[in-house]
Amino acid sequence: MKRYISTFKDKGSIEQDGGKGHNLKILTQSGFNVPEGIVLHADFYKEYYGKPMEFHYADTEVLKKQCEEMRNIVKEKELPSELMDEISYHINSDFLYAVRSSSTFEDLEGSAFAGQHETYLNVSVYDLEEKVKECFASLWNMHAVIYRKERGFSQDEASMAVVIQKMVPSESAGVAFSVDPIHGVFHRVLIESSFGLGENVVAGEGLTDTWVVDTKNNTIQENLAGVKGSLTKEQVLEISKLAKKIEKHYSSPQDIEWAIFEGEVYLLQSRPQTSIPAYFTRDESAERFPDPITPLTWDFVEEAFNISLEYSLSLMNIDLPTRPWFSKKDGYIYGNQTAVEMLAMKRPLKLQKIEDITHFNEKYFWAHDLAQQWKNDLSLYLVRMGELNYIPSEIDSLETFKHYFERLFTTANEYFKPNIAISMTQSFLVGTLFEALLCKCGNQLMAKSNLEKILSLAKIRTANINKELGNIKKRELNNPEFQLFLEKYGHRELTFDYYYPTWAEKPEVLMDLVIPNQSLQQHETNGVKVLMDLTSDESEDVSESLYRLVQLVILYTELDDEEHFQTTRVNLLARKSIGILGRKLKLTDPYDLFFLNKHELYEILNGNAVNEQDLIQRRKEFQQLYNTAPVWNYSEKEEEVIELKDGVLKGVPGSAGIVEGEVCIVKNVDDFKNVKEGSILVTRTTNPAWTTLFYSAKGLITESGGPLSHGAVTAREVGIPAVMSVRNCLTIIKDGDIVVVDGTKGIVKLKESSIL
Numbered sequence: 006m007k008r009y010i011s012t013f014k015d016k017g018s019i020e021q022d023g024g025k026g027h028n029l030k031i032l033t034q035s036g037f038n039v040p041e042g043i044v045l046h047a048d049f050y051k052e053y054y055g056k057p058m059e060f061h062y063a064d065t066e067v068l069k070k071q072c073e074e075m076r077n078i079v080k081e082k083e084l085p086s087e088l089m090d091e092i093s094y095h096i097n098s099d100f101l102y103a104v105r106s107s108s109t110f111e112d113l114e115g116s117a118f119a120g121q122h123e124t125y126l127n128v129s130v131y132d133l134e135e136k137v138k139e140c141f142a143s144l145w146n147m148h149a150v151i152y153r154k155e156r157g158f159s160q161d162e163a164s165m166a167v168v169i170q171k172m173v174p175s176e177s178a179g180v181a182f183s184v185d186p187i188h189g190v191f192h193r194v195l196i197e198s199s200f201g202l203g204e205n206v207v208a209g210e211g212l213t214d215t216w217v218v219d220t221k222n223n224t225i226q227e228n229l230a231g232v233k234g235s236l237t238k239e240q241v242l243e244i245s246k247l248a249k250k251i252e253k254h255y256s257s258p259q260d261i262e263w264a265i266f267e268g269e270v271y272l273l274q275s276r277p278q279t280s281i282p283a284y285f286t287r288d289e290s291a292e293r294f295p296d297p298i299t300p301l302t303w304d305f306v307e308e309a310f311n312i313s314l315e316y317s318l319s320l321m322n323i324d325l326p327t328r329p330w331f332s333k334k335d336g337y338i339y340g341n342q343t344a345v346e347m348l349a350m351k352r353p354l355k356l357q358k359i360e361d362i363t364h365f366n367e368k369y370f371w372a373h374d375l376a377q378q379w380k381n382d383l384s385l386y387l388v389r390m391g392e393l394n395y396i397p398s399e400i401d402s403l404e405t406f407k408h409y410f411e412r413l414f415t416t417a418n419e420y421f422k423p424n425i426a427i428s429m430t431q432s433f434l435v436g437t438l439f440e441a442l443l444c445k446c447g448n449q450l451m452a453k454s455n456l457e458k459i460l461s462l463a464k465i466r467t468a469n470i471n472k473e474l475g476n477i478k479k480r481e482l483n484n485p486e487f488q489l490f491l492e493k494y495g496h497r498e499l500t501f502d503y504y505y506p507t508w509a510e511k512p513e514v515l516m517d518l519v520i521p522n523q524s525l526q527q528h529e530t531n532g533v534k535v536l537m538d539l540t541s542d543e544s545e546d547v548s549e550s551l552y553r554l555v556q557l558v559i560l561y562t563e564l565d566d567e568e569h570f571q572t573t574r575v576n577l578l579a580r581k582s583i584g585i586l587g588r589k590l591k592l593t594d595p596y597d598l599f600f601l602n603k604h605e606l607y608e609i610l611n612g613n614a615v616n617e618q619d620l621i622q623r624r625k626e627f628q629q630l631y632n633t634a635p636v637w638n639y640s641e642k643e644e645e646v647i648e649l650k651d652g653v654l655k656g657v658p659g660s661a662g663i664v665e666g667e668v669c670i671v672k673n674v675d676d677f678k679n680v681k682e683g684s685i686l687v688t689r690t691t692n693p694a695w696t697t698l699f700y701s702a703k704g705l706i707t708e709s710g711g712p713l714s715h716g717a718v719t720a721r722e723v724g725i726p727a728v729m730s731v732r733n734c735l736t737i738i739k740d741g742d743i744v745v746v747d748g749t750k751g752i753v754k755l756k757e758s759s760i761l
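Count along the sequence shown from 1, then add 5; that gives the number in the numbering used here.
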């Protein structure tokens, strides 16, 4: 007879062992403390029982009878004696066993099938055959059949393996979610436990203890004891670490079952955690959208982002089940931080040792073609934008304008489609490069410093524009050189909202900026030296892969800035066209149309009347939004309190170095004129157009962004220390405060402040 049994130490697959069995093999072979066991393969079920009948889903009663008939067919058929002999060979009659269903469709990301099939505990050798058949039969539980149908799984392809695992005589047991399943917070682990078997917890029977662990500082946040403390504090923290370790192993949130016997924690099973609620924060959105955004701008921008996100994830073969991507509250945009955290886990190559880099090409299979395709598409985009650049001052009809607007945003959406893939790829590549640098030097601070030096090798468009501006000695409108500069770069935005003027419309913000000439030769020399050190003393395969990685990091750092520069060509045309429409409609302020949403705008273009008084009221309400700072975490979870300890604020390193100076708060372009040479700039964020300020500053603090943000890249280019993502810095730090910016450690020290 063909062998249908394998142990947890043998190789396998989901097709052979089902989801649960395959996971237990992976965990066992990865060194986790899993009770020993065997798997009865799914191909036995297929070969022995064959295909199911044709199900009639439209009639519930008929379907119910069909499922019952299928289960009876399975349970009534005796298992071959050879198979039972093989099972007996692997088990010991002195022990009890857990017999678990392991469907070939279960425990997959996005379809856990939790609770759809059967599990039996404390099974003796005498009852094994009966329970194995019960597990096989549970493939045809009615709710499992419906679940497969709803998710597009074929009933003919469904099969069942069975796990037979040695029971742990647990003193306490339960479950743990590596991500808070209630709020979607990734640094919170939720643990439920009870005395005895963990099935009491899974089934919701009896009293349980609930624990919440904050993994940022490894502390227990909540302890909702339902019984007499089924876990010690040490055990809670150990289970929390185990959950996070398994999460890291699978690169996805995990739902684990565990048991404790004689002080030792056993892992009983692990499956992907599904249905994680979206947790919205300003962590990602604040960099691009620091202020309230007008309704019309957001409708068009959100559409472009959603198209790009779906395309980009598909391109990289990444599935993120959580939607929507954005939320809006009081005019401020919040990003789905749950999706961001899950995406960060999907980085295709994680290095344990430097030799792992040889898998680089296969893991980043899309990176070369994406960059080349984007460059090819850019040419077509620029041609179409050139055609759209001609906006007649008198549009014959609203229908003509509607056609123009649709062309503009169709062109923009098509161009923007792969742009998020560029940003994601850059982030992934930089993460892999950092790990490579860490493998070489073994020191976090040195690896970060070396990463900065390599990133400085990128030729950034924004830096070149700033240098070009600095070389114009006479910045006046009657100077042809300045006029040419505005023709080339006048589409640069002062803020990403189409409502606000661009450089071309507000050139005065550029006229008084101090931009000294600076040599970047030293930056480049340092970067080349790091690259040479990185590839030295390695095999040819490793050196070639490392060199290719660095090349792509530099390329994608350049592309990330370039795609933003090209995207903002839309800003000028969107604002111009809305202005023309507003004047045609005889509005006092033609740009009040930005306070409509897209649907309302198209109603006007279809002939509906404009209510100007309503628009004026909307503008007033919009302006009031600036008076209240946004909460950072927009969710059911309470707002995180930012603690100031010993006058130190924590952020993220953006550009290395330490500097002390006087603070200058910059909230908008009207504050540009207040920036003194040698100031420490403190701002909510910096888009590329703001980076001209850096040349007269000696330090930077922002409320959002990270080491790959435009602000951090330019700070490194200019050579000033920068600390990014300092929460509530605009509230805590005041104009005129004396602070120390430590861009190496990512901290800000307040030396002289009104709050100290």
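Simulated from the structure, these hints should not be mistaken for laboratory data.
Please note: incorrect hints may appear among the correct ones.
Quick list of the computed label-pair ranges, beta carbon to beta carbon [to be verified]:
#1 Pro595 with Leu630: 44 to 50 Å
#2 Glu227 with Gly741: 26 to 32 Å
#3 Asn394 with Pro595: 41 to 47 Å
#4 Asn394 with Met537: 55 to 61 Å
#5 Ser98 with Asp48: 47 to 53 Å
#6 Glu486 with Pro595: 29 to 35 Å
#7 Leu630 with His61: 54 to 60 Å
#8 Met89 with Glu269: 54 to 60 Å
List of simulated lysine-lysine pairs, DSS-like, C-alpha gap at most 25 Å [to be verified]:
#9 Lys472 with Lys368
#10 Lys334 with Lys253
#11 Lys422 with Lys472
#12 Lys334 with Lys672
#13 Lys655 with Lys739
#14 Lys464 with Lys351
#15 Lys221 with Lys581
#16 Lys51 with Lys16
#17 Lys493 with Lys581
Backbone N, C-alpha and C define an ideal beta-carbon position, used for all residues, glycine too.
Each hint, compared with the structure:
no., hint, result
1, Pro595 with Leu630: 44 to 50 Å, "violated (21 Å)"
2, Glu227 with Gly741: 26 to 32 Å, "violated (41 Å)"
3, Asn394 with Pro595: 41 to 47 Å, "violated (19 Å)"
4, Asn394 with Met537: 55 to 61 Å, "violated (46 Å)"
5, Ser98 with Asp48: 47 to 53 Å, "violated (28 Å)"
6, Glu486 with Pro595: 29 to 35 Å, "holds (32 Å)"
7, Leu630 with His61: 54 to 60 Å, "holds (56 Å)"
8, Met89 with Glu269: 54 to 60 Å, "violated (32 Å)"
9, Lys472 with Lys368, "violated (37 Å)"
10, Lys334 with Lys253, "violated (33 Å)"
11, Lys422 with Lys472, "violated (30 Å)"
12, Lys334 with Lys672, "holds (20 Å)"
13, Lys655 with Lys739, "holds (17 Å)"
14, Lys464 with Lys351, "violated (28 Å)"
15, Lys221 with Lys581, "violated (48 Å)"
16, Lys51 with Lys16, "holds (20 Å)"
17, Lys493 with Lys581, "holds (17 Å)"
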